[in-house]
Amino acid sequence: MLRHLGQRLLTTIPTLVGVVVVTFLLTRILPGDPAAFFAGPTADPAAVEQIRVTLGLDKSLPEQFVAYVGDLLVGDLGVALSTGQPVVAEIAARLPASAELTLFGLILSVAVAVPLGILAAVRQGSWIDHLCRLLTTAGVSLPVFFTGLLFVYVFYFLLGVAPAPLGRIDLFASPPPHVTGFYLIDSLIAGDLETFRASFAQLILPGITLALFALAPIARMTRASMLSVLSSEFIRTARASGLAPGTVIVRYAFRNAMLPVITTLGMVFSFLLGANVLVEKVFAWPGIGSFAVEALIQSDYAPVQGFVLTMAILYVLLNLLIDLLYGLIDPRMRIEG
Amino acid sequence: MSTLLDVKDLTVEFATRRGTVEAVRQVSLKIAKGETVGIVGESGSGKSVTSYAVMRILDRAGRIAAGTVTYGGVDLSAAGERQMREIRGREISMIFQNPRLALNPIRKVGVQLEDVLRTHALAGTDDARDKALDLLRQVRIARPEERYHAYPFELSGGMCQRIVFALALACRPQLLIADEPTTGLDVTTQKAVMDLVVDLTRERGMSTVLITHDLGLAATYCDRVVVMQKGEVVEEAASAAIFKAPAHPYTRKLMRATPRPGIGLRDLLPEAPAGTPTRPPAPAAGDVLLKVEGLVKTYPRQGGNPLARLLGRGGAAPEPFRAVDGLSLEIRRGESLGLVGESGCGKSTTSMMIMRLLDPTAGKITLGGDDIGAIPAKAFARTAHRRRVQMVFQDPTDSLNPRFTAERAIADPILRLEGGLDRDAVRARCESLATQVGLPLDLLDRFPHQLSGGQKARVGIARAIALRPDLVILDEPTAALDVSVQAVVLNLLDDLKAELGMSYLFVSHDLHVVRLLCDRVMVMRAGQVVEEGTAAAVLEDPQAAYTRELIAAIPHPPV
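Going line by line, the protein sequences match chains A and B.
For the first sequence, the numbering used here begins at 1 and goes up steadily by one.
For the second sequence, the numbering used here begins at 1 and goes up steadily by one.
Bound conformation, chain B alone:
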């Protein structure tokens, strides 16, 4: 096969306040015609920067310091801006992470497609609309005439990604660079989008570069995989080979850290030194800690005329939207329950109600015999129950006050709910908590922006367990973390549970992760529970069709 893109010794530098930083060092890779290549790596590995350098869309601070990028005989690293404009979209196109942000929010999606078609002179005023509609049809968007007039905010994430994909396909380019195209999408949507990408690129004989942190995704969809770490390529091989016999230690570490069927939590960690105790047997679950019965949360639907309704005209109000629809669950002491479902299924709403941040429309929430559902969410923080239910939030960065040091963040619940402690006592408590969660003590005086993702996650966990709660709600606590960090954090959570005898309610979209940490699993869809059982049973022998669909959609390395 002939080489389409040839990157040789590419080095990209960024000018920062602390001098220049090499984000990519001496990277070489070749993409043949019609080939699908995965670039895999964790955050900071330079995989996205490499692709931006190829497209020459680096930030102002970044520049190609050395190396060449040859595409079809043209050296892109030396090409003029005008020539690059011809190549972008026409020869090489890109799709991005977070499709909703990748589209102009105030321009109709159809018109955005027309913009690209017209720029590359593939359509004139009279046929642009038809061609745009045709593109929408190709990416299998239902009712394209209607969607042509839609704005990005009116479409779902998966639909927006199809539009971004249509933009990328518009000018029939030779090479598609997909930068984390499905991160943040539900697994079933991810599968639909990836299948579409593969179908259409194969059909057109296009080459694809798939940039991802997800080994499973790369293994499922790529011919060849390039593994990057800290700006360098550490391994490159056919995807079948690389997963069977990873040569580089980093690849092995990544492989191990990827949750997959048939393994335990400890298997995620790097090769454990001999003699490490295996996971202690889970303590037998005690009496019922949390009991939720017939939980319902409804929201009024958008639309209608509020003024007319106020005046008693305009007909009946539309049926309210039932975000959570008659959900019941039980968590015993020392038990962890996983709540799994795709976005919009009501799992977060449920956790917010149990956390008592949101008032249920109907239903009962009892914690250790006390009816906490009856206490309004506004007043809950002033009751003695607040310290019994704590939460670890999804985004470790956004859930920390940027002006608080790690110590102040961990001390927050102690200061607010306990009080009466002098400064030294609080410091001592924070230090013991930091030790417990494996946060080095010298990091306690740092601010969130000076901490890594994993360290921030530890701060969030230390804050949640500061008051020795009975129940901790974990809302996708590892979704924003790299797999190797996720492996460590999941193990930490498990250890803490055994040590402190807490119960967990683990909310996640990832069944594999849930299985590793949880004793029991509930699968939710449209506000209702579709399946419930022990984690092993649900994953290995799913009863509901929806659960089977979810499991089938998760890509995993062929191990």
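Looking at chain A on its own, in the form it has when it is part of the complex:
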């Protein structure tokens, strides 16, 4: 098992090298001059040139690339020009915020989508099947910023039950001591229920917004996959042996139907992680997505490269995790792996 893990990890190296090269080149061909931006609108050409030399942007592309890789190897992703902070520190501060939001949304949507998909498949054509169809259609067709704004309008502005959509925690509360970076977990570790409640309250609306969006692919895949498994021959054997419906549906059918669902989960997760910029914007969430977009607009190379690289690594790790899960669920995959 460990050797398999090692081999699988080795195969991710070429992917990562490719990502490093591509992000480097992509950021260089973006329009805009970071030196001019950094120098400000009043700077004269000499000052801009000065800054260009300081940033190393006067060197040739290969030279810049070598310097970039050299920094990368010692864990230096450069400095974000817009904030003056090292990119590593920025990402380390913001990634947990995005991850917490995404994971929360994902868990929420799995908790709803999977049972919904199973029920819709088992009672095909019943009201629950129609409900499933309605929810999934609504989930994909309503843009997240719209549902987000709608929730804010209804629950904060009209009803006043939700806190102001201003980040991860109440402006007047202080974040819990940093352990994992996830406020929910950190506050529990610190035993601070008040902070837990405050951060949970902040998380609910953006979490549901994301969950609603992620619901559609997961519920649909669960339903389709369950339907095909339920019509297979071993289900007929299980029924002919008199096994209880619960056993047949959960232990026999669902475990077999899980593989495509997990694949979908992986895709949805990585998609949400990068693409929840809109939710982060609506709820003033200090996440990594909004940070990257700001940097991109300002032609700030280092954060953009850092962001893409972080995402790539996360994605690779996620796929690794999914592959390992496959092996756990389906013994046939272990042989081939």
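These are calculated hints, taken from the structure and not from any lab test.
In this text, a Cβ means the ideal position worked out from N, Cα and C, and glycines have one as well.
Don't take every hint at face value.
Which chain B residues face chain A? A few, computed with CB under 7 Å, are given here [what the hints assert, rightly or not]:
(1) Gly89
(2) Met94
(3) Leu101
(4) Ala102
(5) Leu103
(6) Val116
(7) Thr119
(8) Leu122
(9) Phe153
Quick list of simulated restraints, FRET-style, between CB atoms [said to hold, decoys possible]:
(10) A:Gly266 to B:Val111: 24 to 30 Å
(11) B:Glu154 to A:Arg8: 19 to 25 Å
(12) A:Gly18 to B:Asn401: 35 to 41 Å
(13) A:Thr15 to B:Gly124: 48 to 54 Å
(14) B:Gly73 to A:Asp323: 40 to 46 Å
(15) B:Ala379 to A:Pro143: 52 to 58 Å
(16) A:Pro143 to B:Pro402: 36 to 42 Å
(17) A:Ile329 to B:Ala15: 32 to 38 Å
(18) A:Ile329 to B:Ile263: 50 to 56 Å
(19) B:Phe447 to A:Phe200: 44 to 50 Å
(20) B:Ala381 to A:Ala138: 49 to 55 Å
(21) A:Ile329 to B:Lys33: 43 to 49 Å
(22) A:Phe271 to B:Ala381: 40 to 46 Å
(23) A:His4 to B:Phe321: 20 to 26 Å
Chain A is already provided as a structure; the job is to place chain B on it using the hints.
For chain B alone, coordinates are given in the frame of chain A:
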């Protein structure tokens, strides 16, 4: 004997897009305690649907429209789902066709046995494992402790069927319904599985319903036979009587179509009208068309660590698996050679290499003097030799593109390898080919799903002979067909051979079928030829012990 199961006027309907269809009409049958009854019929006869209705495991679209199913005094057609769950497995159990698919692919077989035992409260947490092991022993699975932890994909087809059988026996039911339990298994495996089923059910005084399309199997193992056609019971009698004096024309037709010793190809067809010419004498075989010498195909064995091997560590690579091991054969012009063996013997690998879809590891393949074995399989389709060797595939459905009409399918080789023909010329060619294979011309515009199995087989044959090949490889072309259709297709193939002067390489697991169509037979085992000779000689006076075993394992009606 007292009646165990009493089915009265059972009618089963299926809701389809074109309205309701009656799959079973007014079927009545009785099963006595301890009796073995065969339900025989071709596809679409409603024999499986009847059994699913008894178990109440019909698809969502199906429902019992009329009639009663009484089991031990209980009307199953009106029983609640909870009551049916008690009965399934506990009172009536089933074994299915395609045992590998009938088992949960990702659950250990031992645990699947435990599931059934626990459901019916015949085992608790502490003794479930022992009872499951005991069941594995009863169905004569070697090394049960090890096999307990196996997944279905790690076991052979015969072994999987034993597991399915163990599942069915787990709760000591009174009635076993076996739905085509050995279709797709090798004859020797079939015999082993059927003998086991008969032994264990007799031992326990169980009743058995054997659903099969194989008259020979029903005759060998059943006390009584019920013949079904198009959803209705057409004849019912003791098996000894029914085969001696079949009363219904359909039964007679089935009987005739079943390949058996001592008959010719024409005998398979329904009573021929007087004056039908008998089979023309086979033209004398000409010069050697295909010569295969020392053919070898090896595959690297599974397992081992590829990375370690790449780095030169981890010891020597395991000895490669020899799928075909030094095979030599010759086919003359106009001759047909049968290649017989059980699954895994290398017969299909051999045919794929001769077809030039697969590159041999060693050996020489010469076709009419040209060394075609030297041409890589990838490039073979672009050579002029491609049209000289064509193939008819095993599954008539899967070997047709579902989006091609019959005409487009037949025209495929013409368009790809000939070219330069206008649309009318291609249509004319297809029509003449369709006439040749007996496919009605109005079917040419249909898609595969609109054709019957026999019609699809004809399309496949027309496609194979479209370019007038010298050699046609027939890879179990009738294995997926009903016997009556098989009889017609075999005769068609024989006629075409005589008419076009082609040679056949007929790959099959069924010695009786091979004997009917082939001049010579080769019996293969583990990649090697164990016996070779004229078809009559090999069947009537087999020399190798393995051939004798194969012949003995084929069940046939006592005619």
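Now for the hints, and whether the structure bears them out:
At its closest, the beta carbon of Gly89 (chain B) sits 3 Å from a beta carbon of chain A; the interface hint therefore holds under the 7 Å criterion. The beta carbon of Met94 (chain B) comes within 4 Å of a beta carbon in chain A, closer than 7 Å, and the hint placing it at the interface holds. This hint holds: Leu101 (chain B) has a C-beta 4 Å from the nearest C-beta of chain A, less than the 7 Å allowed. Given hint, Ala102 (chain B) at the interface with chain A, holds; its Cβ is 5 Å from that chain's nearest Cβ, closer than 7 Å.
The interface hint given for Leu103 (chain B) holds, since its Cβ lies 6 Å from the closest Cβ of chain A, which is under the 7 Å cut-off. Interface restraint check: Val116 (chain B) against chain A, minimum CB-CB distance 5 Å, threshold 7 Å, status holds. Contact between Thr119 (chain B) and chain A, as hinted, is supported at the beta carbon level, the nearest pair being about 5 Å apart and thus within 7 Å. For Leu122 (chain B), the suggested interface contact is broken, since its CB lies about 11 Å from the closest CB of chain A, more than 7 Å.
Checking Phe153 (chain B) against chain A: minimum C-beta separation of about 5 Å stays under 7 Å; hint holds. For the pair Gly266 (chain A) and Val111 (chain B), the beta carbons lie near 28 Å from each other, so the given range of 24 to 30 Å is met. Distance hint for Glu154 (chain B) and Arg8 (chain A): a CB-CB separation of about 23 Å, consistent with the stated range 19 to 25 Å. Hint check: Gly18 (chain A) to Asn401 (chain B), Cβ distance near 37 Å, so the stated range 35 to 41 Å holds.
Taking 48 to 54 Å as the suggested C-beta distance range, the pair Thr15 (chain A) and Gly124 (chain B) conforms, at roughly 51 Å. In this structure the hint that Gly73 (chain B) and Asp323 (chain A) lie 40 to 46 Å apart at CB is violated, the actual value being about 55 Å. As the Cβ distance of Ala379 (chain B) to Pro143 (chain A) is approximately 53 Å, the hint placing it in 52 to 58 Å holds. Distance hint for Pro143 (chain A) and Pro402 (chain B): a CB-CB separation of about 39 Å, consistent with the stated range 36 to 42 Å.
Separated by about 35 Å at the C-beta atoms, Ile329 (chain A) and Ala15 (chain B) satisfy the suggested range of 32 to 38 Å. Take Ile329 (chain A) and Ile263 (chain B): their Cβ atoms lie about 53 Å apart, and the range 50 to 56 Å holds. Taking the beta carbon of each, Phe447 (chain B) and Phe200 (chain A) are about 58 Å apart, not inside 44 to 50 Å as hinted. A hinted range of 49 to 55 Å for the beta carbons of Ala381 (chain B) and Ala138 (chain A) is consistent with their spacing of about 51 Å.
In this structure the hint that Ile329 (chain A) and Lys33 (chain B) lie 43 to 49 Å apart at CB holds, the actual value being about 44 Å. Taking 40 to 46 Å as the suggested C-beta distance range, the pair Phe271 (chain A) and Ala381 (chain B) conforms, at roughly 42 Å. Restraint check, His4 (chain A) to Phe321 (chain B): a C-beta distance of roughly 24 Å satisfies the suggested window 20 to 26 Å.
Violated hints, listed in ascending order, are 8, 14 and 19; each of the other numbered hints is respected by the structure.
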